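Peer 1: With the hints as constraints, model all of the structure from the sequences given.
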Amino acid sequence: DSGVTQTPKHLITATGQRVTLRCSPRSGDLSVYWYQQSLDQGLQFLIQYYNGEERAKGNILERFSAQQFPDLHSELNLSSLELGDSALYFCASSVAGGAYEQYFGPGTRLTVT
Amino acid sequence: GQQVMQIPQYQHVQEGEDFTTYCNSSTTLSNIQWYKQRPGGHPVFLIQLVKSGEVKKQKRLTFQFGEAKKNSSLHITATQTTDVGTYFCAAPSGGYQKVTFGTGTKLQVIP
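Heads up: the protein sequence lines correspond to chains F and A, in order. Numbers 1 to 113, taken from my numbering, label the letters of the first sequence in order. Numbers 1 to 111, taken from my numbering, label the letters of the second sequence in order.
Derived by calculation from the structure, the hints in this document are not laboratory data. Owing to the predicted nature of the structure, the values given are computational and were not obtained by experimental measurement. Take the hints with a grain of salt, since some may be wrong.
Pairwise CB distance ranges, derived in the manner of DEER restraints [claimed, not checked]: (1) A:Thr62 x F:Leu83: 18 to 28 Å; (2) F:Ala14 x A:Thr27: 35 to 45 Å; (3) A:Gly16 x F:Ser65: 11 to 21 Å; (4) A:Lys51 x F:Val95: 45 to 55 Å; (5) F:Thr15 x A:Val50: 24 to 34 Å; (6) A:Thr20 x F:Gln17: 24 to 34 Å; (7) F:Thr113 x A:Gly16: 43 to 53 Å.
Listed below are the simulated EDC-like cross-link pairs for lysine to aspartate or glutamate, each with C-alpha atoms no more than 20 Å apart in a straight line [said to hold, decoys possible]: (8) A:Lys106 x F:Asp40; (9) A:Lys51 x A:Asp18; (10) F:Lys57 x F:Asp29; (11) A:Lys36 x A:Glu67; (12) A:Lys56 x A:Asp83; (13) A:Lys51 x A:Glu67; (14) A:Lys70 x A:Glu17; (15) A:Lys57 x F:Glu101; (16) A:Lys36 x F:Glu101; (17) A:Lys56 x F:Glu101; (18) A:Lys57 x A:Asp83; (19) A:Lys70 x F:Asp1; (20) A:Lys106 x A:Asp18; (21) A:Lys56 x A:Glu67; (22) A:Lys36 x A:Glu17; (23) A:Lys36 x A:Glu15; (24) A:Lys70 x A:Glu54; (25) A:Lys36 x F:Asp1; (26) A:Lys36 x F:Glu62; (27) A:Lys51 x A:Glu17; (28) A:Lys51 x F:Glu101; (29) A:Lys106 x A:Glu17; (30) F:Lys57 x F:Asp1; (31) A:Lys56 x A:Asp18.
Think of the CB as a built atom: it goes at the ideal place given N, C-alpha and C, for glycine as much as any other residue.
Peer 2: Take a look at the structure:
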C-alpha cells in the first residue's frame, strides 16, 4: 500500500459525458501528479500540482482540467469524453518536485462507451 | 523537450537467465529513478541514482548511472517469475517539477 488513494476504482461512462477522478496523496506529500496510461502503453504525464499550485503541464487536453485543494487532495476532471479517453489514470504523490520518488495510487480505470 | 528512450521494448527470458534494460536521455540528467509495474498494478518506486557512475544493488537487481549522466541500466541476475512486469526509468525535467518516464521495458519470464 503506497498510501495514495484514488476513487473510483472503475468508471464506465458514455461519450460526451464528464467525470471527476479523485486522489488523496500520502500524508506529508505536497506534490500530486496525474498520468494517463492506455492499454499496454507508457505513462503519459498530464499535470502536476505542488501545494495547491499548478507547477508543470504535459500533454493534457483542453477538455481535461485538474486542481489541488487546500487539504492537498486533487481532482482530475475529464469532459466531452471520447472513446480514446478510455485508459488507466494514475495519481502519484511526492514530497516535492521531480527530484523525489513518486508514490502511485492504484489508478482509476475509465471506460468510455 | 526531454526524451527518455528505453530499450528493448519487450524481452522474453527463460527463468534463470539474466535481463538488462537500458535507458537513454537526449540531455544530461540530474538524477534517474526506476519503477516497476506488475501486470494489473501500479508503478512502484525501486531506486534513485544521483551521482555520475553510481552503481546500486538490491538483491538480484543492479542499477547503474552512466558517467555522462545521460544513460542508465537495470540488470537482473537469474530472473524469477516474480520479476515479470514493466520496468520504467524516469527523470526530472522542466525545472525539476515534471518527471519524464521512459517508454518502458516489458519483461516476460518463461518458467
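Peer 1: Take the hints in turn and mark each one as holding or not.
Peer 2: Checked hints:
{"no.": "1", "hint": "A:Thr62 x F:Leu83: 18 to 28 Å", "result": "42 Å, violated"}
{"no.": "2", "hint": "F:Ala14 x A:Thr27: 35 to 45 Å", "result": "42 Å, holds"}
{"no.": "3", "hint": "A:Gly16 x F:Ser65: 11 to 21 Å", "result": "49 Å, violated"}
{"no.": "4", "hint": "A:Lys51 x F:Val95: 45 to 55 Å", "result": "20 Å, violated"}
{"no.": "5", "hint": "F:Thr15 x A:Val50: 24 to 34 Å", "result": "45 Å, violated"}
{"no.": "6", "hint": "A:Thr20 x F:Gln17: 24 to 34 Å", "result": "44 Å, violated"}
{"no.": "7", "hint": "F:Thr113 x A:Gly16: 43 to 53 Å", "result": "44 Å, holds"}
{"no.": "8", "hint": "A:Lys106 x F:Asp40", "result": "9 Å, holds"}
{"no.": "9", "hint": "A:Lys51 x A:Asp18", "result": "25 Å, violated"}
{"no.": "10", "hint": "F:Lys57 x F:Asp29", "result": "19 Å, holds"}
{"no.": "11", "hint": "A:Lys36 x A:Glu67", "result": "24 Å, violated"}
{"no.": "12", "hint": "A:Lys56 x A:Asp83", "result": "18 Å, holds"}
{"no.": "13", "hint": "A:Lys51 x A:Glu67", "result": "8 Å, holds"}
{"no.": "14", "hint": "A:Lys70 x A:Glu17", "result": "27 Å, violated"}
{"no.": "15", "hint": "A:Lys57 x F:Glu101", "result": "17 Å, holds"}
{"no.": "16", "hint": "A:Lys36 x F:Glu101", "result": "13 Å, holds"}
{"no.": "17", "hint": "A:Lys56 x F:Glu101", "result": "16 Å, holds"}
{"no.": "18", "hint": "A:Lys57 x A:Asp83", "result": "15 Å, holds"}
{"no.": "19", "hint": "A:Lys70 x F:Asp1", "result": "32 Å, violated"}
{"no.": "20", "hint": "A:Lys106 x A:Asp18", "result": "14 Å, holds"}
{"no.": "21", "hint": "A:Lys56 x A:Glu67", "result": "14 Å, holds"}
{"no.": "22", "hint": "A:Lys36 x A:Glu17", "result": "19 Å, holds"}
{"no.": "23", "hint": "A:Lys36 x A:Glu15", "result": "18 Å, holds"}
{"no.": "24", "hint": "A:Lys70 x A:Glu54", "result": "12 Å, holds"}
{"no.": "25", "hint": "A:Lys36 x F:Asp1", "result": "14 Å, holds"}
{"no.": "26", "hint": "A:Lys36 x F:Glu62", "result": "30 Å, violated"}
{"no.": "27", "hint": "A:Lys51 x A:Glu17", "result": "29 Å, violated"}
{"no.": "28", "hint": "A:Lys51 x F:Glu101", "result": "16 Å, holds"}
{"no.": "29", "hint": "A:Lys106 x A:Glu17", "result": "15 Å, holds"}
{"no.": "30", "hint": "F:Lys57 x F:Asp1", "result": "27 Å, violated"}
{"no.": "31", "hint": "A:Lys56 x A:Asp18", "result": "17 Å, holds"}
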